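From first to last, the protein sequence lines stand for chains H and C. Take the first sequence: its letter number 281 is residue 281 in my numbering, and every next letter is one higher. Take the second sequence: its letter number 29 is residue 29 in my numbering, and every next letter is one higher.
Calculated from the structure, these hints are not laboratory results. Honestly, I wouldn't trust all of these hints.
Stated by the list, open to error - With a cut-off of at most 35 Å between alpha-carbon atoms, the simulated DSBU-like pairs for lysine-lysine come out as follows: (1) C/Lys47 x H/Lys272; (2) H/Lys216 x H/Lys66; (3) H/Lys245 x H/Lys12; (4) H/Lys66 x C/Lys47; (5) H/Lys296 x H/Lys245; (6) H/Lys305 x H/Lys208; (7) C/Lys47 x H/Lys310; (8) H/Lys216 x H/Lys272; (9) H/Lys310 x H/Lys208; (10) H/Lys272 x H/Lys307; (11) H/Lys12 x C/Lys47.
As the list claims (entries may be wrong) - One side of the interface only, derived from the structure: several residues of chain H facing chain C at Cβ under 7 Å: (12) Ile18; (13) Glu131; (14) Ala189; (15) Ala295.
All figures in this text were calculated on a predicted structure; none of them were measured in a lab. Cβ coordinates follow ideal geometry from the N, Cα and C atoms, glycine included.
Letter by letter, the chains look like this.
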Amino acid sequence: MNAALRNRMTDKRARTLITPEGIALPIMLASRGSRAGALILDVMIIVFGLLAFYALLFWIAGGLLKGTGLDPSAAPRGAQEFLQILLALAGFFTWYGYFLVQELGSRGATLGKRITGIRVAARGGGRLTPEAVIARNLLRDIEIFYPLIALLVLAVMSSDSNADVGPLGWVMTGWFALFLLFPFFNRDALRAGDIVAGTWVVERPRAKLADVLSTKGAAAAQGASELTGARYQFGEAELAVYGEKELQTLERMLRDAQPDALTAVHATICRKIGWEPGAGDERAFLEAFYAQLRAKLEGEMRFGKRKADKFS
Amino acid sequence: MKAPIISSWFGRGQLAAPPDIASAALRSDRFRLEREGDWRRLDDIVKRMEGGGLRRICDADLLALPTLYRTATSSLAVARETSLDAATLAYLEALVQRAWFQVYGPRQGFARWMREFLLGGWSRAVREIWLDICIALFVMVAGAIVGWLLVAQDEAWYYRLVPGGLADTRVPGASREELLATLGTNASATGLSSFAAQLFSNNSAVCILAFALGFAFGIPSLMLMVHNMAVLGALLWLFAGQGLLVELSAWLSVHGTTEIFGILLAGAAGLHIWRAMAFPGTRPVLVAAAEAGRRGAVVMVGVVIMMIVAAFLEAFPRQLVEGAPNRFMIGGTILAFWLTYFFLYRPRSSVERDG
């Protein structure tokens, strides 16, 4: 197991998934923040979509009335009724269909989840079944929206009639808090719907294949510095000071660090191996050092010898 | 080892050909360059599958997908033991995970699932929760009796149980004629279809609530069912007082056999989840809850369908068909249909057929 993998194992959100081929894949549970963000995005999309649809319906209804001199009783009954049915059904089917259809698709994510880079997966590496998606979405209603609406109704009622809502308000608030905080009280950040459905929400991995480092510059087989033409050769003892962790740090630096950061790394390595640090040709030096260190470590790796970091 | 290279294939977004393999100084980089074409091809197929389902993938790619996936997994396994290139390892891990989601993804789309659901899946799920249905049935009958008895003892209970909007003229002390009028029919069908649509979304919401509340230890589910049935009991008592019990039953039976059956199933599904979590047996609680939850979800999709049927029955036949025998006939036929469908219709599942 390499250092990067081990680093991620210590992360609290990291889990391992064993594929049927027996490969251990690291997966990362979605953070609670990104899940909340995804839900807020989804609700906003639904609400604004429905509002736009309703506005369209009212516009059509307005057209119906206009033809009759703004007298509702004279408007065509069939058309009016059709609009009413559309109004009632659109809400229901949008609310449930939006989540179901999208989470059953090959992305396993709603639009909001896609934007925040997460997806739904079956817990334990099974298949994500339609039943599971249905169950987790039905539960969402009582977790969040039912108590919210009930609280809203209670608030409106009490402000209207000055009546005391009594303990019911507290019961609803407690209910809301219980389910809202549910993900904070289990290891996998499951909400109630995830438990009932046997699912969890994981991060969607996005990694681009980076360039090969050992084909260019001073890292290549017969590579030399483009600036000075010098070829750096390091001895066994000089390469022995570092391990895999340092190698991969150096790789990260070579891929995306700024020149002044490279200068600092260059100086550190030179001090460590007892060279006199020059100036101006840091990148070639580091590329050559990287390639030779990696060649040595990988060579030892093939014989089962691994050096995790400079201390081992 | 010489890997099969499909480097001649370059899809969209392919910027440059990978560098010459011989120029790489490291063995692990040569290993990577030899297989990179396959990885990129898999990457592209997976990206298109994520984007728009299977339709946009040509047959050759679809056939190659499992092979490419296994190539990538074996590359990952080898790279972990031979390569120290963190960027390549991270890419391979992400690629294998994404491909895994597609290769072992949902086997059937929504349409196929729906067909399987109607042809056996639904009735099988209903039969699987028979014990919970019995409990829910017992609770509902008890609720109706409690409602009747409460109102019979003290009429004040009637106003507490029955919401004001529902019971306009249906209050204790109403005359026989007033009560009979509420069971009447409409002259025409206008306005009834929108009534049906509203009934549907209202009733389905109640059922989903009854199901979802089961998760909270089943007690709210039971309370909801008891309350609903207590209202029914109170209504029955009111009409029985004027000798209209048969008329009311007939009026209710048109849609009630479907609607009350649906509430029964929803409550039973909720109870089923709670029972699985309280008494998981030898399974871990989370596994038991997930199994019960999936079964419950199947029942719930069916309940929503039943609510659509009930809303149509409530809006049209109930308001248009006159006379107790006719109404009883409609309600009874529907009930017989549901019972036959759930308990006598037993096709073998496609899983059994395949296996």
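Checked hints:
1. Simply put, lysine 47 of chain C and lysine 272 of chain H have alpha-carbon atoms about 45 Å apart, too far for the 35 Å limit, and the pair is violated.
2. Between the alpha carbons of lysine 216 of chain H and lysine 66 of chain H the distance comes to roughly 74 Å, so the proposed pair goes past 35 Å and is violated.
3. At roughly 20 Å between alpha-carbon atoms, lysine 245 of chain H and lysine 12 of chain H fall within 35 Å of each other, so this suggested pair holds.
4. The suggested pairing of lysine 66 of chain H with lysine 47 of chain C is violated, with an alpha-carbon distance near 50 Å, which exceeds 35 Å.
5. With a CA separation close to 14 Å, the supplied pair lysine 296 of chain H and lysine 245 of chain H stays within the 35 Å bound.
6. For the suggested pair lysine 305 of chain H and lysine 208 of chain H, the alpha carbons sit about 30 Å apart, so the restraint of at most 35 Å is met.
7. The suggested pairing of lysine 47 of chain C with lysine 310 of chain H is violated, with an alpha-carbon distance near 40 Å, which exceeds 35 Å.
8. For the proposed pair lysine 216 of chain H and lysine 272 of chain H, the alpha carbon gap of about 26 Å is at most 35 Å, so the pair holds.
9. Annotation: proposed proximity of lysine 310 of chain H to lysine 208 of chain H holds, straight-line Cα distance about 29 Å (limit 35 Å).
10. At roughly 17 Å between alpha-carbon atoms, lysine 272 of chain H and lysine 307 of chain H fall within 35 Å of each other, so this suggested pair holds.
11. Taken as a hint, the lysine 12 of chain H and lysine 47 of chain C pair is honoured in the structure, with Cα atoms around 29 Å apart against an allowance of 35 Å.
12. Restraint check, isoleucine 18 of chain H versus chain C: the minimum CB separation of about 11 Å is more than 7 Å; hint violated.
13. The restraint placing glutamate 131 of chain H at the interface with chain C holds, with a minimum CB-CB distance near 4 Å, inside the 7 Å limit.
14. A hinted interface residue such as alanine 189 of chain H counts as satisfied when its beta carbon comes closer than 7 Å to some beta carbon of chain C; here the least separation is about 13 Å, so the hint is violated.
15. Evaluation of the alanine 295 of chain H hint against chain C yields a held restraint, the C-beta minimum of about 6 Å falling below 7 Å.
Checked against the numbered hints listed earlier, the structure breaks hints 1, 2, 4, 7, 12 and 14; every other hint is satisfied.
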